[in-house]
Amino acid sequence: MIKVSGVTKKYPGRLAVDHISFEVARGEIVGFLGPNGAGKTTTMRMLTGYLPMNSGRIEVAGYDVATQPKEVRRRIGYLPENCPLYPEMRVDEYLRFRAELKGVKPSARRAKINEVKEQCGLTEVGKRIIGQLSKGYRQRVGLADSLVHDPDLLVLDEPTVGLDPYQIRQVRELIKQLSEKHTILLCTHILPEVEAICERILIINEGKIVAADTEENLRKKLHSCTMIELEVKAGKEEALARIDALEGMDVHTCSTLPDGWLWIEVEADATEMCVELFKLAVTAGWALRKLSEQEHSLEDTFVQITRGTEGVK
Amino acid sequence: MTTFLSVFKKELRTCFLSPIAFVVIFLFWLLTGLNFWWLLLQLADGEPLTTATPQIFGGLISFALLVIVPLITMRLFAEERKLGTLEALLTTPLTATGLVLAKFAGTLVFYAILWLPVVAYAMILQKLSPMEQFPDFGALRAGFFGIMLVGGLYIAIGLFMSSLTSNQIVAAFSGSALLSVLFFSLLFMAYTAPTSDVRTVGQYFSSFTHLFDFSRGVVDSRTVMLYLSGTVWVLFAAVRVVESKRA
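Heads up: the sequence lines are chains A and B, in that order.
Going by the numbering used here, the first residue of the first sequence is number 181, and it counts up by one from there.
Going by the numbering used here, the first residue of the second sequence is number 16, and it counts up by one from there.
Only chain A is shown next, with the shape it has when bound in the complex (with noise of 0.2 Å):
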């Protein structure tokens, strides 16, 4: 659906995106991370068209975007950062106004917006004044705006920033109902926006893409080793020397807790080594209270890679 190759965006002064390449395939929802000012606002402004490119080359949907960006248009749906709206318009009024725009066809136009409305759950504030209405109903506008042509791929630009938890559920919900029916390029900076909705993950930092690939395998990747926490009551060296010795396992830290119970980190060189700390246990007659596998999270994977780590692609 997407495929970006070789782009280079350079501004006055700074190279906003470096020679960048990607590709996104139909029906695919892909979340594009990145810190503030890694070039994620640049890289969307150019695949819509907006902003001309320094080199390299964008397709959507087969089509040039510097050579046809009328076909390209038309086949995207583009919620811009921050949501732009008309505040002096209706809802309905700037609904219809949009449709006429991006061309649909005056037969199809009534029904399409109410089809919008309702997948969007304007139906009620058709007649309200855009200026109005609440930060979570205006981007809610947008969605519906970027929706109401039927185009092939979703482009949102930080879709949820600015709402309150509640509204960000609701805006993401939907966004999960959309991804049924359409290609969806979610740029956030929010992780649990991603983790919550998107299959596969692009990482963009300083310009540059620095790791491509699925939330589970970004994470493999990036972490060899698993962490394991456990509490038991033990004699101190020899729960230390018999956990040394099992296989692919070594003592990160340990401490005595004030109650007398040991409290111990291990370092597992793979996932699933619960049961054997579990059976050691057993075997050692040691009493145990805890015993659990630390997650890394995908907040961890992304500090790691655009910290300036080296990439995983």
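Honestly, I wouldn't trust all of these hints.
Claimed, not checked - A partial selection of chain B residues facing chain A, derived with a Cβ cut-off under 10 Å:
hint : residue
1    : E94
2    : L98
3    : T107
To be clear, the hints were calculated from the coordinates, so they are not data collected in a lab.
No residue lacks a Cβ here, since even glycine has one placed at the ideal position from N, Cα and C.
Given the coordinates of chain A, assemble chain B onto it according to the supplied hints.
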């Protein structure tokens, strides 16, 4: 064409939704009204009837245009930039040329509406006039044509200034400043320059002179071409600005 029409309609509607439009209409109608009242007083005092149309379309009113037009055009692009809606517009199949033309057309129609009271003035003159030949409807038509030509160029200049900034105040002031510099330098060239050659050149270019000529019923094709080509050229410059100045 549909996209052009929908932007055109939207522009025209927005003109009437913004409070500034009503301020502009009020001020302008007040000015033209006072101007007409003054004309009636002069005619009653025995001024020649030929001064009537030049005073309706030219004279003092041409000074008012230097302020009124930038007030109408200031929001055209500056507001879109401020709101971020320019990005939303230009990522639809609409082109920069289509957008500029539609905004220009919408504003031109609003400008024409500003001049509607002239119809009433013409009817009042006709009612009061004892003669068949007065008022001269040919001269009135030519005057209206002239005022639209001059207005077209002024609107294009205001639109261009608006496309350069995201601040409406800056757009209004810079537009007004540019128009005033043009208007007054040409006016002084045309009427107060010491050498007659400079005066002749000034009279070729001065809007004040042109409005005076048009409203006497003189439609000079050279002047028409000057305004049409000037308008097209400035609009083209605005298209280039919209296309290139995006970030």
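Outcome of the hint check:
no.: 1; hint: E94; result: 9 Å, holds
no.: 2; hint: L98; result: 5 Å, holds
no.: 3; hint: T107; result: 4 Å, holds
Figure legend: structure checked against the earlier numbered hints; every hint is met.
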